[in-house]
Amino acid sequence: MSGAAQRPLRLGALGTSSIARRRTLPRAVAAPEVELVAVAGRSAQKTAAFAERFGCAAEADLASLLERPDVEAVYISTPTALHRTWAARALRAGKHVLVEKPVGVNAHEARELADLARERGLVLRENFMFLHHPQHAFAADLVRQGRLGRLSTMHAAFCIPPLPADDIRYVPDMGGGALLDVGVYPLRAAQLLLGKGLQVAGAVLRTRPDGLDLSGQALLVSPSGVLANVTFGFEHAYASAYSLWGDTARLSVTRAFTPPPAYQPVLVLEEQDHEERFTLPAADQLHNCLAEFAAAVRRGDTGGAEEADRRRAVVAGMDLVDLVNKVAVRVPVGDGREERDRPTGGR
6 MSGAAQRPLR LGALGTSSIA RRRTLPRAVA APEVELVAVA GRSAQKTAAF
56 AERFGCAAEA DLASLLERPD VEAVYISTPT ALHRTWAARA LRAGKHVLVE
106 KPVGVNAHEA RELADLARER GLVLRENFMF LHHPQHAFAA DLVRQGRLGR
156 LSTMHAAFCI PPLPADDIRY VPDMGGGALL DVGVYPLRAA QLLLGKGLQV
206 AGAVLRTRPD GLDLSGQALL VSPSGVLANV TFGFEHAYAS AYSLWGDTAR
256 LSVTRAFTPP PAYQPVLVLE EQDHEERFTL PAADQLHNCL AEFAAAVRRG
306 DTGGAEEADR RRAVVAGMDL VDLVNKVAVR VPVGDGREER DRPTGGR
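Residue numbers for the sequence shown follow the numbering used here, so the first one is 6 and each next one is one higher.
Per label pair, the in silico range of CB-to-CB distance:
(1) Thr90 - Pro169: 18 to 28 Å
(2) Thr284 - Gly230: 31 to 41 Å
(3) Gly200 - Asp171: 32 to 42 Å
(4) Arg304 - Ile24: 25 to 35 Å
(5) Pro266 - Arg155: 30 to 40 Å
In silico lysine to aspartate or glutamate, EDC-like type, Cα no more than 20 Å apart, as pairs:
(6) Lys51 - Asp172
(7) Lys201 - Asp314
(8) Lys201 - Asp146
(9) Lys51 - Asp66
(10) Lys201 - Asp327
The hints are simulated quantities; they were obtained by calculation from the structure and are not laboratory data.
Every residue gets a Cβ at the ideal spot worked out from N, C-alpha and C, and that includes glycine.
With the hints as constraints, model all of the structure from the sequences given.
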């Protein structure tokens with residue numbers, strides 16, 4: 006292997022988000038495959054604090070970071086509504102792009118970015134960390150081996166408690182809402198495990214008076230007839246799990262989307278008279294994501310089948326989001342209705 010192939014990917018960070026501060030940038034600094042060169046955000050004060058914490062340069066603004074010749078790729082963690090704008094600017098500036106999920110607010114934005122990456126010969130990835138955890142390949146192998154019998158149903162959920170009132174995910178104009186923030190995870194898990202061609206048979210969204218969705222459910226159908234029920238929201242005790250049901254067994258995966266690096270997954274296979282537990286090695290899915298992104302850039306095969314498949318998957322994921330939004334029955338909440346509808350017990 007040549008020295009150039011082993012050189013760390015020189016990365017710039019666009020955005021000073023919470024997830025960048027808490028998770029992605031600390032891991033990027035520690036990863037030998039990546040060198041964090043510079044950071045830029047909308048707040049000069051936050052940018053300076055990030056630069057000091059992570060030992061990199063602070064740029065005056067996002068545009069100036071894209072002009073740096075020593076930045077080969079960018080990690081984008083701006084508000085969701087700005088993902089498309091800055092990813093497109095980065096691609097036009099010749100930078101490879103790792104963008105926080107979702108890639109945009111709809112499939113049109115995803116398709117535009119995928120086409121631009123293909124035309125420019127650049128790598129475009131969403132930072133869906135869970136896709137890089139080996140527990141999901143293990144689950145898929147059990148299905149392929151016939152351990153569940155004939156697969157008929159998938160249940161998947163990613164739900165979190167209510168957020169602080171000033172959280173940006175409650176701002177509609179910034180791409181807020183539960184579907185774009187947490188709903189994309191179970192939707193993408195269904196893509197991963199059930200394959201291409203998923204359709205949305207129905208959906209429900211609980212929405213505030215301003216239209217922002219707080220939670221929801223959707224029913225998907227695969228071309229082979231497997232049903233997938235996905236649940237997501239900002240109104241629940243924490244849940245991050247999925248199960249796959251066949252006619253002979255059910256497989257359960259807990260901590261499916263955000264397992265800590267030291268966590269050893271335990272997958273449970275339940276048959277009629279037998280339960281089997283598979284304890285898997287711990288894996289750092291964020292490091293795997295960053296390393297794979299760097300490796301894809303170094304391979305340089307952006308016109309190949311693998312990168313084309315990844316671009317199609319990015320667009321297909323947002324197609325599902327659009328379909329959920331299109332067919333969803335919207336249930337207004339937040340106006341006292343919950344109190345009025347709550348059972349009174351004795352009456």
